[in-house]
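Undergrad: Residue-level listing of the chains:
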Amino acid sequence: MVKARQLVVYLGPAVVFALAFIVFPLIFVIVLSFTQWAGIGPAKYIGIQNYTYLFKDPAFRSAIYNTLLWVAAGIFVQTPLCLLTALIISRRPFMWKFFRTALFIPSVVSTTILALMWYFMLDPTVGLVNGTLNSVGLKSLTRTWLSDPSTAQWAIMVPFVIYIGFGMVLFLTQISTIPRELLEAAHLDGANVWQQDFFITIPAIRRAIALWILFLVGYVLKMFEYPFVMTDGGPVNVTMNLPLYVYNQMVTANAYGLAMAAGVVTVVLGALLMLVVLLGLRWMESR
Amino acid sequence: MTAMETPAAMRVIAKTVKWLFLIVLTVLTLVPLLWLLLSSFKTTPELFRGPFSLPAHWSFANFSGALDAQPLVDYFRNSVVIAVTSTAMTIVMSTMAAYALRHRFRLRGAVNGFLMSGLFVPFTAFMTPIFYLVFHLGLYNTVWGIALVYTGTTLPVGFLIIKGYLETIPEDLLEAARIDGASFHSVFFRIVCPLVVPGLATAAIFLSISAWNELLFANLLSTSTSSETLQVGIRNFLTSYAANYPEAFAGTVMAMAPTILAYALLSNRVVESMAATGLK
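Protein chains in written order, with my numbering: chain U, 1175 to 1461; chain W, 2 to 281.
For the record, the hints were derived by calculation from the structure and aren't laboratory data. It cannot be assumed that every hint is accurate.
To give an idea of the chain U side of the interface with chain W (calculated C-beta under 7 Å), a few residues [what the hints assert, rightly or not]:
{"id": "1", "residue": "L1181"}
{"id": "2", "residue": "F1202"}
{"id": "3", "residue": "I1249"}
{"id": "4", "residue": "F1273"}
{"id": "5", "residue": "A1276"}
{"id": "6", "residue": "L1277"}
{"id": "7", "residue": "V1343"}
{"id": "8", "residue": "G1437"}
Being a predicted model, the structure only gives us computed values, none of them experimental. Ideal placement from N, C-alpha and C gives every residue a C-beta, glycine not left out.
Based on the provided sequences and hints, a complete structural model is requested.
TA: Laid out in structure tokens, this is it:
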């Protein structure tokens, strides 16, 4: 009944784009990751040398470590904050609409601008953070947050961890689909608010939580703005991450083969992390 | 333990903790934004006087200074053109593909999986091949090159959202139209398109916000005012005007104003569009 020609017309554009932006780049990065290439001229085959170099490069190790650190912070700090806020707001406390609206604002502001804002916030002389510490008499706690190797990584993670609006809204949407009778029945059976949350609400939205974590992994693997704008990977690579490493190798160092190898590692790491989350979800669903 | 048996003291503590948590989180979210807004009206000496001091004169001097220092209007225009173009292309292609996939055919599952596979791809890993693709199409340093890339990178999520909406159209409706003699194309234009418009609007909000906010590819694919977006341009306040903080603050405030205003006007739609991104 459906003619092949019609399908080709309707599916064609999307399939062409997917070929151009997924299949072609994937083949390109895999092939060129085994070469030494300056971006122009012929590429020279060098086997796995790029990969052996990568794992010896302290900047790359720092990039891997930081990417995993962000994933962990996302899962163990940001996600619980999102969930807790959603649980509180779903009970519609006083001014709940205000809180929901206010907490969501950062989700509509670009990450670049948020990064720029936090760069200003953490400025040693005019920033709000040191300014506040000074005005409450805690001058000893003031730091050059972004250029001090012991604080830079934590400092650029702050906006990522505290902006919970997006996750909160996703969980709120899910919570609103739970039948009210279920919670009312639990209430009549004597379950208090905590028990209702832990035994009914959270299990009911566990799928959404797993999907949120999947989204978070993708977000962290694409995270470029915070390190690029706030620290440019420094001081001494402590805030380096995978996208910034690829970018620097390509744009600054013209080491395209190395950039490709780092890209391949990013794709593989992403696939592995997502696989772990999906397996975790399947394990939870099967119980 | 029922609510009534919970000791009153415990309940008071729980309530206090709950409110403290909400308030601290909200303060952490709002205060930096308000501080930035306040600081954008100050003069440089006022800025050094302390974070909470009020400016002596509320003037827009920093804002006009920022507009003179950087071609913000050009950046703004480029961002609008790119966001509108890429959103429109993604929506048209996703709707067409999702419609085709409502029909049964041999490779249906494979095509569906292929279009979705992009959801699991960190596109940042592909910056070099994508750069070369745009370069060889002759679109480097143009808004069209950036729009093309955003179309490619947002297609998977656009497809996911729109497919969700298309699946809510009952098969009976399409079948009835076919029995009445409507062709493949007319079912799409007369029945499917009108029905998914609300869904498309929601998808459009999400896609245009994503396109508006992107930095990496915009930065990689443009080096001139004719194609640089607001996200790329706003960084210039950091690199070239580091000395003039108040102007940089004013520039940042102007850059975040459009999306915050859009959110203020359409807050429910925006929230809904974010929530529609697949976690259904």
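Undergrad: None of the hints should be skipped; say for each whether it holds.
TA: Okay, the hints, checked on the actual structure:
Interface hint at U:L1181: satisfied, since its Cβ lies 5 Å from the closest Cβ of chain W, which is below the 7 Å cut-off. The interface hint given for U:F1202 holds, since its Cβ lies 4 Å from the closest Cβ of chain W, which is under the 7 Å cut-off. At a threshold of 7 Å, the smallest CB-CB gap from U:I1249 to chain W is about 16 Å, leaving the interface hint violated. The interface hint given for U:F1273 holds, since its Cβ lies 6 Å from the closest Cβ of chain W, which is under the 7 Å cut-off.
Because the smallest distance between the Cβ of U:A1276 and any Cβ of chain W comes to about 5 Å, under 7 Å, the interface hint for this residue holds. Annotation: interface hint on U:L1277 holds; nearest CB of chain W at approximately 6 Å, less than 7 Å. Hint status for U:V1343: holds, given a least beta-carbon distance of 5 Å to chain W, under 7 Å. A hinted interface residue such as U:G1437 counts as satisfied when its beta carbon comes closer than 7 Å to some beta carbon of chain W; here the least separation is about 4 Å, so the hint holds.
In terms of the numbered hints stated before, the structure departs from hint 3 and from no other.
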